[in-house]
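The listed protein sequences derive, respectively, from chains U and V.
Using the working numbering, read the first sequence as starting at 1 and increasing by one per residue.
Using the working numbering, read the second sequence as starting at 1001 and increasing by one per residue.
To be clear, the hints were calculated from the coordinates, so they are not data collected in a lab.
Quick caveat, the model's predicted, so the values are computed rather than measured.
Now the stretches of chain V that chain U is said to cover, found in silico as 3 or more residues with beta-carbon under 8 Å: (1) 1037-1048; (2) 1064-1071.
Okay, derived cross-link-like pairs now, DSSO-like style, lysine-lysine, Cα gap no bigger than 27 Å in a straight line: (3) V:K1136 <-> V:K1105; (4) V:K1136 <-> U:K138; (5) V:K1049 <-> V:K1105; (6) V:K1331 <-> V:K1349; (7) U:K137 <-> V:K1136; (8) U:K318 <-> U:K137.
Positions of the beta carbon are idealized from the N, C-alpha and C atoms, including for glycine.
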Amino acid sequence: MTATEFTRRGALHLALGAAAGSLGAVAGAIPASARLYRRLGVAFGTTVAITVEASDALSAEAAFAAGFAEIRHIDRLASLTDPEGQVFRLNRDGFLDRPDPALIEMLEISRAMHAATAGAFDVTIQPLWLAFDAAAKKGRWPSDREIATLLARVDQSRLVVSVERIAFAESGMGVTLNSLARGLAADRVAAALRRVGVSRAFFDTDVLGGLGARPDGARWRARVRDPRDAVQSVAVAEVAGCLATSGDYQYFWTPDYSRHHIVDARRGVSPGAFSSVSVLAPSGLEADALSTAAFLLGADAARALLARVGAQALFVDKSGCVSATPGFPVYVSNSGEACAST
Amino acid sequence: MARFRGGKAIVWAFAAFALCLWSSLAYAGQLSRADLEREFPPPFILGEKDDALAIWPIFKQNATSDELVAYIFESADLAPIPGFSGTPVDLLVALTPEGNFLDVKVVSQNEPVFVDGLGPQPLFDFVKQYIGKSLKQSIKVGPPSGGGKGDDAIAIVDGVAKATASVRIVNESLLAAGLAIARAKLGFAKGRDPSRAAKLRLDVFEKLDWADLVAKGYVKHFVVSNAESEAAFAGTAAAGLDPQVRLAPEAPFIDLWVGVLDAPVVGRNLLDEATYRRLVDDLDGRHALIVLSSGRWSFIGEDFVAGAVPTRLTMLQADAPVEVRDFAWRKPFALVDMPKGDFSVLVIKPQAGWDPANPAQILLHVTREKGQILPERFTHEFAAPFSAPLALLTLPPPESDKGFRGVWRDRASDIATLILSLVVLMLALAMQKVVTASPRGFVWFRRTFLIFTLLFIGWYAQAQLSVVTLIGAVRAARGEGGLAFLLYDPPSLVLWAFTLATLVVWGRGAFCGWLCPFGALQELAGDFARWLRIPQWRLAGAWEKRLRGVKYIALASILGAAFASSALAERLAEIEPFKTAITLVFIRSLPFAIYAGGLIVGSMFVFKFFCRFLCPLGAAFALVGLARRWDWIARRVECGDPCQLCKSKCRYNAIEPTGAIIYHECFQCLDCVVIHNDSRQCVPLILQERGSRPLRTTRLIGK
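Please model the complete structure; the sequences and the hints are all you need to start from.
Quick look at the structure:
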């Protein structure tokens, strides 16, 4: 995977999990015939995983095949480097005929986010992103004038979307769906697993989600990592729906995390309020989109948006202090820092 | 109409053909998920197999996350390069995301030297040497027990005595398979897909001297001055060691020229015509670079070994090395204004995946030594950018057209044209009465079709069927390699299918007489000779019979050899001039060109000499044609007794004195059908029309 894809490796991790050991611990609670099977894969530039409860290895394989087929489909679709991928072709050719319905679905929610963030969230940020990445690799940073020139090509409303064709209104524009694809992949995996008859499952497409309850009857849980230390956790959350995290540590251009992959499309800068935002929402696509949107909006506006759509979130601000919306289901909190505001 | 009994035979022929194709496609790696889990036990976690390539990720738990450790694959899935046994050595390889070899194991191998001679252990030891080496290095096989020296840029693994060639093949499969993974998963070596490399255009040529070649960019020039070379060592202990820097700072230290020698505009200008042809023939599909060095520093040092991989000059494309090897080609060059200096022709194999259209770097490893005894060594790499000018290249079609489906899509119009022509031919052969109604018209129909066969089927669509495919079938039957390549050659596949089907209906004639491009070339040469009134030489009956047997001997030798060694079989298959005359349009070294040309000249005196007496493919078709269910050429009782007109008119000598058709020698030219239906030519018909002799019952077989 090349550098133009965001790397969000290890954003969150399966708390169920710290894998096989605790799976063994719960095995007594489930029927002798059924057990949990776990399969890892590589997608979206990171490790993805599907855990299913199945009666035997064969039906587990069928579930994995169905789930990974969805992951690969979305991964390829949204890839910025795979010449077979539709987003790559759209960026290369300036248009795309007969777009995949999944692409339309992502662009639709992106429009809602664009409106909800007054234009801070914009999937046509790609030209700016590429310029930042290229400059950073050479140890430079684009000047304000260069940024202003590039920002002129960033405007989601000039992306013409229909069922037959997606096209840019002018040349030099580009799209990235990296803030949406993992979420949609999670939803697709959930649907695929349900289709093949799986009733309990946990999946990590870099957005986390569960089906049913854990075999011991409890809710699936996930660890929210400390943005400054991959091994430390700030909390373990119960995953009802899907959990997505946007963080400044996932891909950054300066060692102080001030310039990173989440860029405000109005000003061409990375917002400075949070180091990570984890959003719990009914679907993966919503969780993924909202976590980026909330990151862009900053504390107050983020809370207002999340309250309006009925989603929960856990915030870690730049000073390391952790806060959450009232309904965020924290199972264990490891937070050392207390926040004055909460 | 006689009862048609060919249906079953057609079904069988197709079934056999399909089986061959299937068995060849099914050839792949051998290890199952359970096998791989045994090979990489915990703490490794085997991930989900990739859907496009036979690659599996393996992970290891690191604190709280599962980290990708490596991709594992079997080399036979990605680079099935056959060894001396005809089958590839299959290796299980683990490659880290950074491109380092984590593990290499032998899964299966049939190399004679490692089965009987030395036993397998030396091969096991050999592949272990790759562990820890990187795909980003240039990995080469050195002499046995050479100590495996090398540096960051060049890694050297020790060869195995008495098995040099086998371990080279192993090295090649490892690197080719590794590069395939690098392209697909590791983000480097992009654009290094051997199947997508740009091809050289053979039609670009103009007479140029050396200065023009350089000026037009066909030969690239790279210079490093003394001062620049000093700058590279500035700040190290090797600075200031070169006195020339002060004396002549602007004088060239490195003065290097590089060109693609197999490009006609370079090769035919630098070499004379015959030498260029020899070179292209010797290269046999590989690329060659001419590298000339006239500066103080030369890429040819005391450690340069003819025929080996040079140590002072390496090549890099998309961050991954491209193996270049000295071709030990020391023929003189013809251009007078060429600079004097060291030169070498370096050869690049297709597996190396070098794409002439994309930028590459030629790395020049310059070493300075400090001290007299046990000197300290300092090395700097100068990178000379190199790519072939786009004017010399044909670029591959867009990426989405990969695989054989893309080929079929691309050639849809060729395939349609071919199928249309086959339908026309089928109708003509099925409705002989109609098509032969006008003797003059028929002659022109046939001639037009033969010209189409030669120009379109042969030279344009390159669908000359060949006995080489039968060699492939023998190998496929033995489980080595296969016929899958036919899927990438739709016109040939369509033609094979049509030919096999027609063998049981009409015999070999439909192909040999109408669809074989070389056959058409010979027949047209024969017609031309008749027009020139060159006397045609008919062999006496006994000689004719004896000579006909030669093609069966050729076929038996080739197929027999195919069971022993495909290399030998392919050499024997050179009795076929098809590659020379049709595939390469005579652009081949002199002996081959003379042979093919000779056969065509010969056919001007003895009609279709090659087809009737020598062609092994024709022999094979004649044998399969024995399954023909239908005597479709109409005959009369008078044929042979007393009338001998058709027999004497048959240019193939395929009619017995009794009037019977010898179907396995019949090329379906329909000359005798024309006569049979022509009331001005057919003697019994003429006599009947005059009323002097009643026509006896027609002994019609077929229509």
